[in-house]
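2 protein chains.
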Amino acid sequence: MSTYDGTLIIFSGPSGSGKDTVLNELLQKHDDVKLSISATTRKPRENEVDGVHYYFISKEDFEKKIDDNEMLEYAVYGDNYYGTPKAPVDKWLTEGKTVILKIEVQGAEKIRKMYPEALSIFIMPPSLAVLEKRIRGRQSEKEEDIIKRLSIAKNELERACEYDFAVINDDLDDAVEDVASIIKAEKLRYKNMKNIISEVKKDV
Amino acid sequence: MSTYDGTLIIFSGPSGSGKDTVLNELLQKHDDVKLSISATTRKPRENEVDGVHYYFISKEDFEKKIDDNEMLEYAVYGDNYYGTPKAPVDKWLTEGKTVILKIEVQGAEKIRKMYPEALSIFIMPPSLAVLEKRIRGRQSEKEEDIIKRLSIAKNELERACEYDFAVINDDLDDAVEDVASIIKAEKLRYKNMKNIISEVKKDV
Numbered sequence: 001m002s003t004y005d006g007t008l009i010i011f012s013g014p015s016g017s018g019k020d021t022v023l024n025e026l027l028q029k030h031d032d033v034k035l036s037i038s039a040t041t042r043k044p045r046e047n048e049v050d051g052v053h054y055y056f057i058s059k060e061d062f063e064k065k066i067d068d069n070e071m072l073e074y075a076v077y078g079d080n081y082y083g084t085p086k087a088p089v090d091k092w093l094t095e096g097k098t099v100i101l102k103i104e105v106q107g108a109e110k111i112r113k114m115y116p117e118a119l120s121i122f123i124m125p126p127s128l129a130v131l132e133k134r135i136r137g138r139q140s141e142k143e144e145d146i147i148k149r150l151s152i153a154k155n156e157l158e159r160a161c162e163y164d165f166a167v168i169n170d171d172l173d174d175a176v177e178d179v180a181s182i183i184k185a186e187k188l189r190y191k192n193m194k195n196i197i198s199e200v201k202k203d204v
Numbered sequence: 001m002s003t004y005d006g007t008l009i010i011f012s013g014p015s016g017s018g019k020d021t022v023l024n025e026l027l028q029k030h031d032d033v034k035l036s037i038s039a040t041t042r043k044p045r046e047n048e049v050d051g052v053h054y055y056f057i058s059k060e061d062f063e064k065k066i067d068d069n070e071m072l073e074y075a076v077y078g079d080n081y082y083g084t085p086k087a088p089v090d091k092w093l094t095e096g097k098t099v100i101l102k103i104e105v106q107g108a109e110k111i112r113k114m115y116p117e118a119l120s121i122f123i124m125p126p127s128l129a130v131l132e133k134r135i136r137g138r139q140s141e142k143e144e145d146i147i148k149r150l151s152i153a154k155n156e157l158e159r160a161c162e163y164d165f166a167v168i169n170d171d172l173d174d175a176v177e178d179v180a181s182i183i184k185a186e187k188l189r190y191k192n193m194k195n196i197i198s199e200v201k202k203d204v
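As given, the protein sequences belong to chains A and B, one line each in that order.
Residues in the first sequence are numbered consecutively from 1, following the numbering used here.
Residues in the second sequence are numbered consecutively from 1, following the numbering used here.
Extracted from the complex, chain A is given alone in its bound form (with noise of 0.2 Å):
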């Protein structure tokens, strides 16, 4: 990732941990972080817009982007596959921008390989009750699926420990805060202020 300036920021956490709220309130906050949206084949939910939330496209659309090379990382989730399209994400970070990417934990590890110098962030509950009640407060669902869903999240929780950084999203704002500290300490960092300490030293 050396020949990029910016900053691409992997971010998972299961279902109930509140990773979408936190994330909209972050890029209405922070005009300067981009969010790649991910592909995907699974149906949209209630209030869910293609391009917005999600590509909601076909399977077969999503196999021949497979194929062409299209996708970063892909990962079958369930009975559907998630994906993240590579050219945008590039793209951001050639301009020196922060990329968010939403993506599952196994779609995380293979981004972590292919940037290693991207930062990855777990958002997670407060606590296991709050997981369940969160996961049950979508009532678009069948029991069955509500019982699969959580079991993967909890699941997903074990693989925290795979991340750079862990965010407990309790209270939303301190959420949103705590993110945004990580991003701004990135920026801070020497290697990404090369160009502005350069304009301290210049002799007037």
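Treat the hints with care, as some may be off.
Said to hold, decoys possible - Straight-line Cα separation of at most 25 Å, BS3-like style, residue types lysine-lysine; simulated pairs:
{"id": "1", "chain 1": "A", "residue 1": "Lys-154", "chain 2": "A", "residue 2": "Lys-142"}
{"id": "2", "chain 1": "A", "residue 1": "Lys-187", "chain 2": "B", "residue 2": "Lys-191"}
{"id": "3", "chain 1": "A", "residue 1": "Lys-184", "chain 2": "B", "residue 2": "Lys-97"}
{"id": "4", "chain 1": "A", "residue 1": "Lys-113", "chain 2": "B", "residue 2": "Lys-191"}
{"id": "5", "chain 1": "B", "residue 1": "Lys-29", "chain 2": "A", "residue 2": "Lys-29"}
{"id": "6", "chain 1": "B", "residue 1": "Lys-191", "chain 2": "B", "residue 2": "Lys-201"}
{"id": "7", "chain 1": "B", "residue 1": "Lys-34", "chain 2": "A", "residue 2": "Lys-184"}
Think of the hints as simulated: they come from the structure by calculation, not from any bench.
Start from chain A and add chain B according to the hints.
Here is chain B on its own, set in the frame of chain A:
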């Protein structure tokens, strides 16, 4: 440093960077951040209080502490000794606190070797013109002292590259917030969140 849970922060910046003002603001806003107080043999400036800004001690006392291994590091700077008493730093780190060591660049180099997990932050002025203005603003010094101080400060700027983070102190509030973000991000590292994560995963 694996036996410590706290974070050691090496904090440096040339004369005129405003590092003391940044630190004072930071400490007022963050009770959990502790400042390691240095010892020095130089005379106090106006408004400097013994045991608050420095421990002002005699050359003889300083040399005795060196002999007794009670100094974490020390350096001769100008005509004076500057050093860091070891005991309070280790005590705070064992208690899990964030401890800030405000030290000269020479001392920073030594601390970095003894505490490889320490983070280091370099505070910079926004420009050389501002640096000179701030140094000249201290009316207590003779012109030859000012010129000497300015020359040392410019040399120190060249060593920013040895630090993990660089913070430009143009607007004071922004600089304080930058340092706070660096400290917060470090607390959110997975390795520092292990205890909290164990609580999250407890079944009720």
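Now for the hints, and whether the structure bears them out:
1. A/Lys-154 x A/Lys-142: Holds. A/Lys-154 to A/Lys-142 sits at ~18 Å (cutoff 25 Å).
2. A/Lys-187 x B/Lys-191: Between A/Lys-187 and B/Lys-191 the Cα gap is close to 21 Å, so the pair holds against 25 Å.
3. A/Lys-184 x B/Lys-97: It holds: about 22 Å lies between the C-alpha atoms, which stays within 25 Å.
4. A/Lys-113 x B/Lys-191: With Cα atoms ~20 Å apart, A/Lys-113 and B/Lys-191 stay inside 25 Å; holds.
5. B/Lys-29 x A/Lys-29: Measuring from Cα to Cα gives roughly 23 Å; hence the hint holds.
6. B/Lys-191 x B/Lys-201: holds, 16 Å
7. B/Lys-34 x A/Lys-184: holds, 22 Å
In summary, this structure violates none of the numbered hints.
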